[in-house]
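J.: Residue numbers (my numbering), protein chains in the order written: chain A, 1 to 375; chain B, 1 to 375.
Rather than coming from a laboratory, the hints here were simulated on the basis of the structure. Treat each hint with caution, since some may be false.
No copy is singled out in the list; a pair is fine if it fits within one copy or between any two copies.
Stated by the list, open to error - Quick list of in silico lysine-lysine cross-link-like pairs, DSS-like style, CA-CA up to 27 Å:
| # | residue 1 | residue 2 |
| --- | --- | --- |
| 1 | Lys320 | Lys341 |
| 2 | Lys92 | Lys283 |
| 3 | Lys189 | Lys121 |
| 4 | Lys318 | Lys291 |
| 5 | Lys92 | Lys60 |
| 6 | Lys331 | Lys11 |
| 7 | Lys11 | Lys268 |
| 8 | Lys276 | Lys91 |
| 9 | Lys296 | Lys103 |
This is what each chain is made of:
2 protein chains.
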Amino acid sequence: MKLLILQEKLKQGLNVVSKLTPKSLTLPILNNILLNTEKNFLELASTDLEIGIKYYILTKIEKQGKTTIPSQLFFNFINLLPNKNINIELKKNNLDIVCENYKTQINTISADEFPIIPILKETENITIDNSLFCESLKQIVDIASLSNSKPEISGVYLCFQKNQLIITATDSFRLGEKKIFFKKPNLLKKEYSLILPQKTIKYLINVFSEKTGEIKISFSLNQIMFESSLQETPHPEIQLVSKLVDGEYPNYQEIIPKKFTTEAVFKKEELLNQIKSASLFSKKTNEIKIKLNIKKGEMDICSSNNETGEYQSTLKSKIKGKNEEIIFNYKFLIDGLLNIKSSEVLFGFNGDSGPSVLKPVGDQSYIYIVMPIKT
Amino acid sequence: MKLLILQEKLKQGLNVVSKLTPKSLTLPILNNILLNTEKNFLELASTDLEIGIKYYILTKIEKQGKTTIPSQLFFNFINLLPNKNINIELKKNNLDIVCENYKTQINTISADEFPIIPILKETENITIDNSLFCESLKQIVDIASLSNSKPEISGVYLCFQKNQLIITATDSFRLGEKKIFFKKPNLLKKEYSLILPQKTIKYLINVFSEKTGEIKISFSLNQIMFESSLQETPHPEIQLVSKLVDGEYPNYQEIIPKKFTTEAVFKKEELLNQIKSASLFSKKTNEIKIKLNIKKGEMDICSSNNETGEYQSTLKSKIKGKNEEIIFNYKFLIDGLLNIKSSEVLFGFNGDSGPSVLKPVGDQSYIYIVMPIKT
Numbered sequence: 001m002k003l004l005i006l007q008e009k010l011k012q013g014l015n016v017v018s019k020l021t022p023k024s025l026t027l028p029i030l031n032n033i034l035l036n037t038e039k040n041f042l043e044l045a046s047t048d049l050e051i052g053i054k055y056y057i058l059t060k061i062e063k064q065g066k067t068t069i070p071s072q073l074f075f076n077f078i079n080l081l082p083n084k085n086i087n088i089e090l091k092k093n094n095l096d097i098v099c100e101n102y103k104t105q106i107n108t109i110s111a112d113e114f115p116i117i118p119i120l121k122e123t124e125n126i127t128i129d130n131s132l133f134c135e136s137l138k139q140i141v142d143i144a145s146l147s148n149s150k151p152e153i154s155g156v157y158l159c160f161q162k163n164q165l166i167i168t169a170t171d172s173f174r175l176g177e178k179k180i181f182f183k184k185p186n187l188l189k190k191e192y193s194l195i196l197p198q199k200t201i202k203y204l205i206n207v208f209s210e211k212t213g214e215i216k217i218s219f220s221l222n223q224i225m226f227e228s229s230l231q232e233t234p235h236p237e238i239q240l241v242s243k244l245v246d247g248e249y250p251n252y253q254e255i256i257p258k259k260f261t262t263e264a265v266f267k268k269e270e271l272l273n274q275i276k277s278a279s280l281f282s283k284k285t286n287e288i289k290i291k292l293n294i295k296k297g298e299m300d301i302c303s304s305n306n307e308t309g310e311y312q313s314t315l316k317s318k319i320k321g322k323n324e325e326i327i328f329n330y331k332f333l334i335d336g337l338l339n340i341k342s343s344e345v346l347f348g349f350n351g352d353s354g355p356s357v358l359k360p361v362g363d364q365s366y367i368y369i370v371m372p373i374k375t
Numbered sequence: 001m002k003l004l005i006l007q008e009k010l011k012q013g014l015n016v017v018s019k020l021t022p023k024s025l026t027l028p029i030l031n032n033i034l035l036n037t038e039k040n041f042l043e044l045a046s047t048d049l050e051i052g053i054k055y056y057i058l059t060k061i062e063k064q065g066k067t068t069i070p071s072q073l074f075f076n077f078i079n080l081l082p083n084k085n086i087n088i089e090l091k092k093n094n095l096d097i098v099c100e101n102y103k104t105q106i107n108t109i110s111a112d113e114f115p116i117i118p119i120l121k122e123t124e125n126i127t128i129d130n131s132l133f134c135e136s137l138k139q140i141v142d143i144a145s146l147s148n149s150k151p152e153i154s155g156v157y158l159c160f161q162k163n164q165l166i167i168t169a170t171d172s173f174r175l176g177e178k179k180i181f182f183k184k185p186n187l188l189k190k191e192y193s194l195i196l197p198q199k200t201i202k203y204l205i206n207v208f209s210e211k212t213g214e215i216k217i218s219f220s221l222n223q224i225m226f227e228s229s230l231q232e233t234p235h236p237e238i239q240l241v242s243k244l245v246d247g248e249y250p251n252y253q254e255i256i257p258k259k260f261t262t263e264a265v266f267k268k269e270e271l272l273n274q275i276k277s278a279s280l281f282s283k284k285t286n287e288i289k290i291k292l293n294i295k296k297g298e299m300d301i302c303s304s305n306n307e308t309g310e311y312q313s314t315l316k317s318k319i320k321g322k323n324e325e326i327i328f329n330y331k332f333l334i335d336g337l338l339n340i341k342s343s344e345v346l347f348g349f350n351g352d353s354g355p356s357v358l359k360p361v362g363d364q365s366y367i368y369i370v371m372p373i374k375t
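Required output: the full structure, derived from the provided sequences and hints.
T.: Okay, structure coming up:
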């Protein structure tokens, strides 16, 4: 293997693939990235066995070949080089790197030891706007359960339908659902419902959210592939393949409340600030109490704690329905509000034990459901 | 105690004093800040028993009084309030805080339990430009020894002379010295040499470095006080009192080399980058080797490690003196270079076991001495 590459281009690629390399003590090869030449492209690849990523850079290949070198070391070293041409050559077990007055030989491990990252071919696929997709995933990803006792809700549910993509996550205390409405129906022959590991979604956001253009998504029975290309070439720039989570996602549609016993609209920032303030005086169970007073048109937020003191604040609004006193975990309310982008939010209640809802006003694409704490 | 204060003003004050409060399990009163009224001023104070800080805010005091409340809770709560007037009133053991539609009662601890923070009076003092003082401290503070086995070098040495202030720190492997030259001789009747805890210096930088104007420094036998005032009032805004470190600072002047066996000038960023790159291939002992070749006018930086590989890079310069091969701990070189502000740096050597020196070119106020690793 022998090639010439501009520092800036190599750095960009390493920035993507080096983020995936796990620190594996049992499988040292996973700490390495694969360098492989493919005609005029240098391919960089890394994997943690659940996710695999390939990054292609068009450059001057003088001699084909492949090898693997320590990901973090290579990335840190390339980062420190000047933005000039770098000569890279595999000599026996060392990778020789020369750039201006810098010379190094880095120890390699044979590319034969590197796991094969499958690329899905001839499967159904759709394309979707990259930044819309990533922004939508951000609104949902952190809601997934951290516990592994129910693997299916530890992941994020994606349901690709004719006219929309539904993205859902829950930890059984709260649930978030985001819809992306397609401008025209896609050409998928069937509906694809799948559960992706939370880690895949986080890595996906990390890799793609700064990119412009479209992302191509391909489906297979137990894998999914995400691809993006540079405008000037049809060759993919990034290919990310991930395993899916086994299992059936809970049929959550029935718990989404269709109506409320009480509801009101609030300014999001004010509501968020008052809940944050109340959280300072809540007990270790994170409890805060919401009191709805229809006549006064007021919602009080209260908390108290023997050690610190007592808190109360008031929000004015036109409140429809019944007077209620409901206890919430403040963390769940804050998480929901932070994922809402609009300046006004609808807060819908169903008594002290039914599911409450936070929804952006004027946006049908997002809903956040939260269960009260029962007393 | 009853008073009215603007949120923004209180927030600024709490931002300063709350940074000092330690999380003490044995002395809970130290987690609290003191609120005390003094005529038209609200005084905020906190202490960790080594350092004490007072912050004065001119505001509307309706009834004099004092109390203490939990620092972090109070700061977080005030931060979340809108920038409006806040009513604060002590009612029995609770501090009532009302601001627009927010109401809280925070549990207090009596001010009688709060340690007395001494204020130095009628002692000698000087004033010095605030930002120059803080910038100079930043260049030195991290060099102090982290070990407590020699308490005197765990602190930063300050020597106030007629025409200059000398600031020094060392951990016995390297030493940094910064001089502030006074435009005119000060009026001190004697020279003040003292050792300040590293923690005091860090807190001092934290509190004062954003301030404009001058800082007043007052001396006593075992304490030092730093004060700043607002332009519009002669009343101090901030008073910081710290204990000193007992002991005599080592007589380090004799180890500052007056001449070099070899010396050269390099571009700082290039030198720094090459040392950082070399560090990636150094052994666990942090060793990198510097080879000076007078004839070629080259300095090579080399490192190698069986696990990762080999590194070599070259810097060109007019090098005066003898050819040398010297081994350094790369961390010490990087620390020194990061404290140098000029674009060019003089690197002076004294063989493979004598002290080397890094100095900004065109600036006599800073010197950094580093000992090689003996082979």
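J.: Against the structure, test the hints numbered earlier, and report the numbers of the ones violated in rising order.
T.: Violated: none.
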